[in-house]
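Enquirer: Just so you know, the protein sequences line up as chains A and B, in that order.
By the working numbering, the letter at position 36 of the first sequence is numbered 36, and the numbering carries on one by one without gaps.
By the working numbering, the letter at position 32 of the second sequence is numbered 145, and the numbering carries on one by one without gaps.
If you're looking for bench data, these hints aren't it; they were derived computationally from the structure.
Be aware that one or more of the hints could be misleading.
[What the hints assert, rightly or not] To list a few chain A residues with every Cβ distance to chain B over 12 Å, as calculated:
# : residue
1 : Q72
2 : M78
3 : K100
4 : L101
[Said to hold, decoys possible] A few chain A positions that, by computed beta-carbon distances, are all more than 10 Å from chain B:
#  : residue
5  : Q2
6  : P8
7  : Q9
8  : I12
9  : R51
10 : E59
11 : F66
12 : H76
13 : I102
[As the list claims (entries may be wrong)] Which residues of chain B face chain A? A few of them, derived with a C-beta cut under 7 Å, are:
#  : residue
14 : S121
15 : G129
16 : F133
17 : V137
18 : M140
19 : N144
20 : Y163
21 : P174
22 : G218
23 : Q219
24 : D225
We treat Cβ as the ideally placed atom computed from N, Cα and C, and that holds for glycine.
The primary structure of each chain is shown beneath.
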Amino acid sequence: QQQVKQSPQSLIVQKGGISIINCAYENTAFDYFPWYQQFPGKGPALLIAIRPDVSEKKEGRFTISFNKSAKQFSLHIMDSQPGDSATYFCAARFGGATNKLIFGTGTLLAVQP
Amino acid sequence: DVKVTQSSRYLVKRTGEKVFLECVQDMDHENMFWYRQDPGLGLRLIYFSYDVKMKEKGDIPEGYSVSREKKERFSLILESASTNQTSMYLCASSLFAGTGMVDLGQPQHFGDGTRLSIL
């Protein structure tokens with residue numbers, strides 16, 4: 001099944017709080033799971049990514065948690081800031097060398113000051 | 114820095130017109146992609162190209178075609194525009210996955226999009 005299910009559709013978090021966005025997939029052939037961040041008027045940009053042989057990856061305030069057996073992965077934003085307000089997309093790679101991605105439907109995050 | 118440039122930020126066309134969306138990347142990337150972005154649907158792949166003159170259909174190719182005559186340029190063509198093709202169109206490019214000693218995944222680099230309205 002070539003689908004990545006993302007939730008929630010929108011999220012409001014207070015400044016300093018933790019933002020959590022979840023994704024689930026079915027196809028075990030996916031081999032790379034990136035998260036993209038998109039600000040209004042801009043194209044998405046890679047935020048952080050993980051391979052399925054790793055359970056967690058942290059870069060600054062951003063952490064991906066990956067559960068291979070459950071086929072789920074999530075993005076955690078610690079100490080959320082108003083500047084983190086953006087749309088976040090999870091994705092999964094299925095195209096091998098062609099680097100094709102299947103994207104989730106996106107989560108609009110608003111961090112209130 | 115990789116730069117992916119889309120020729121227009123906003124475009125208004127009429128039903129039935131043939132529409133060309135242009136995308137240029139400056140990093141000698143092999144792969145190029147066209148997506149459309151609609152609220153609640155995320156990014157959906159229309160077509161991609163992994164080499165000059167090579168193309169493959171994505172998830173929603175109906176009503177679209179593409180052209181890649183030069184490595185740096187990838188064009189999306191709406192053969193006969195219809196109102197249901199009103200959308201945000203995003204172009205992206207990337208190296209082949211597996212480039213380098215260890216495949217850590219190659220990011221796709223996106224342009225800022227073309228907001229296309231079909232009246």
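Enquirer: Is the Cβ of M78 (chain A) more than 12 Å away from each Cβ in chain B?
Expert: holds, 23 Å
Enquirer: Does the interface hint hold: is F133 (chain B) within less than 7 Å of chain A, judged Cβ to Cβ?
Expert: violated, 19 Å
Enquirer: Once the shortest beta carbon distance from Q219 (chain B) to chain A is found, is it less than 7 Å?
Expert: holds, 5 Å
Enquirer: In terms of Cβ atoms, is chain B entirely out of 12 Å range of K100 (chain A)?
Expert: With a cut-off of 12 Å, K100 (chain A) comes too close to chain B, as the shortest Cβ separation is near 6 Å.
Enquirer: Would you check whether the claim that I102 (chain A) is not at the interface survives, using Cβ distances to chain B and the 10 Å cut-off?
Expert: It is violated; I102 (chain A) is separated from chain B by about 8 Å at its closest Cβ, not greater than 10 Å.
Enquirer: Say whether it holds or is violated: E59 (chain A) keeps its Cβ farther than 10 Å from all Cβ of chain B.
Expert: holds, 13 Å
Enquirer: Can we confirm that no CB of chain B comes within 10 Å of the CB of R51 (chain A)?
Expert: Violated, since 7 Å does not exceed 10 Å.
Enquirer: Beyond 10 Å from every chain B Cβ: check whether that's true for Q9 (chain A).
Expert: violated, 7 Å
Enquirer: Is the nearest Cβ of chain B still more than 10 Å from the Cβ of F66 (chain A)?
Expert: holds, 13 Å
Enquirer: Is the shortest C-beta separation between N144 (chain B) and chain A less than 7 Å?
Expert: holds, 5 Å
Enquirer: Decide, holds or violated, for the assertion that all CB atoms of chain B are farther than 12 Å from the CB of L101 (chain A).
Expert: violated, 7 Å
Enquirer: Does V137 (chain B) hold up as a contact with chain A if the rule is Cβ-Cβ below 7 Å?
Expert: violated, 14 Å
When each numbered hint is compared with the structure, violations occur for hints 3, 4, 5, 7, 9, 13, 14, 15, 16, 17, 18, 21.
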